[in-house]
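Asker: Heads up, the sequence shown is in the numbering used here, so the first residue is 1 and it goes up one at a time.
Derived from the structure by calculation, the hints contain no laboratory data. We treat Cβ as the ideally placed atom computed from N, Cα and C, and that holds for glycine. Treat the hints with care, since some could be wrong.
[What the hints assert, rightly or not] Dumping the calculated SDA-like pairs for lysine to any residue here, alpha-carbon to alpha-carbon at most 25 Å:
| no. | residue 1 | residue 2 |
| --- | --- | --- |
| 1 | Lys133 | Lys74 |
| 2 | Lys74 | Ala93 |
| 3 | Lys74 | Ile27 |
[What the hints assert, rightly or not] Pairwise CB distance ranges, derived in the manner of DEER restraints:
| no. | residue 1 | residue 2 | range |
| --- | --- | --- | --- |
| 4 | Lys85 | Gly53 | 34 to 42 Å |
| 5 | Ser186 | Cys65 | 22 to 30 Å |
| 6 | Lys21 | Ala67 | 43 to 51 Å |
| 7 | Lys140 | Gly45 | 21 to 29 Å |
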Amino acid sequence: MTKFISLKTSLPGPKSKEIAKRREKYIAKPMGSSLSPCYIAHGEGALLTDVDGNQFIDLTGGWGCLAVGHTHKKVVAAVKDQIDKYLHTDFTAVPYESLVELAEKLINLSPGDTPKAAAFFNSGAEAIENAVKIARAYTKRPAIIVFENAFHGRTLLTMTMTHKAMPYKYHFGPFAPEVYRLPFPSPSHRYD
């Protein structure tokens, strides 16, 4: 049987503790604290190894952006290939074909025969902000409904939409208007 969890030290280990002291000194407090006290050195597939050699199963997957796991050979090869070409340009200033190719693939994969267009953003919060702008422009209505216990991001609007005050929005107001919170639909929240 393959062993996925391997502990070499107590948790957190001595190297992680030392990095935590440095974090306390150099990282801004509004960045919040980490869920894990262990500092990661590398990952492979669904496994993470910390700076002390302890190995864990990665249960967050980069909060959704690591669908193929850490250091997947095809992803690493594609990144290395791209680095040999150029690192970054702003598509709105200096366009490049690969973004158009990605948009074409996504549109062709999406169901239905209605008109479609793709938009790309830097973060989930930025995507949500733009989705709200699109919805407001289409409906001509300013209000937004969000559900309790949801996390949306750390921009002004997405902090307003986020349920949890600590550590995401405590002392950061005033917040955006026209955001209304409802219980998440479930059998325990029936309205008959």
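Asker: Against each hint, give a clear statement of whether it holds in the structure.
Answerer: Right, here's what the structure says about each hint:
The hinted pair formed by Lys133 and Lys74 fails the criterion: a straight-line CA distance of about 36 Å is larger than 25 Å. Proximity of Lys74 to Ala93 is assessed by CA-CA distance (about 29 Å); at most 25 Å being required, the pair is judged violated. This hinted pair does not check out: Lys74 and Ile27 have alpha carbons roughly 33 Å apart, beyond 25 Å. The hinted window of 34 to 42 Å between Lys85 and Gly53 holds, with their beta carbons roughly 36 Å apart.
Distance hint check: the CB atoms of Ser186 and Cys65 are about 27 Å apart, consistent with the given range 22 to 30 Å. Look at Lys21 against Ala67: about 34 Å separates their beta carbons, and that is not inside 43 to 51 Å. As the Cβ distance of Lys140 to Gly45 is approximately 48 Å, the hint placing it in 21 to 29 Å is violated.
Of the hints listed earlier, those the structure fails to meet are numbers 1, 2, 3, 6, 7, in rising order.
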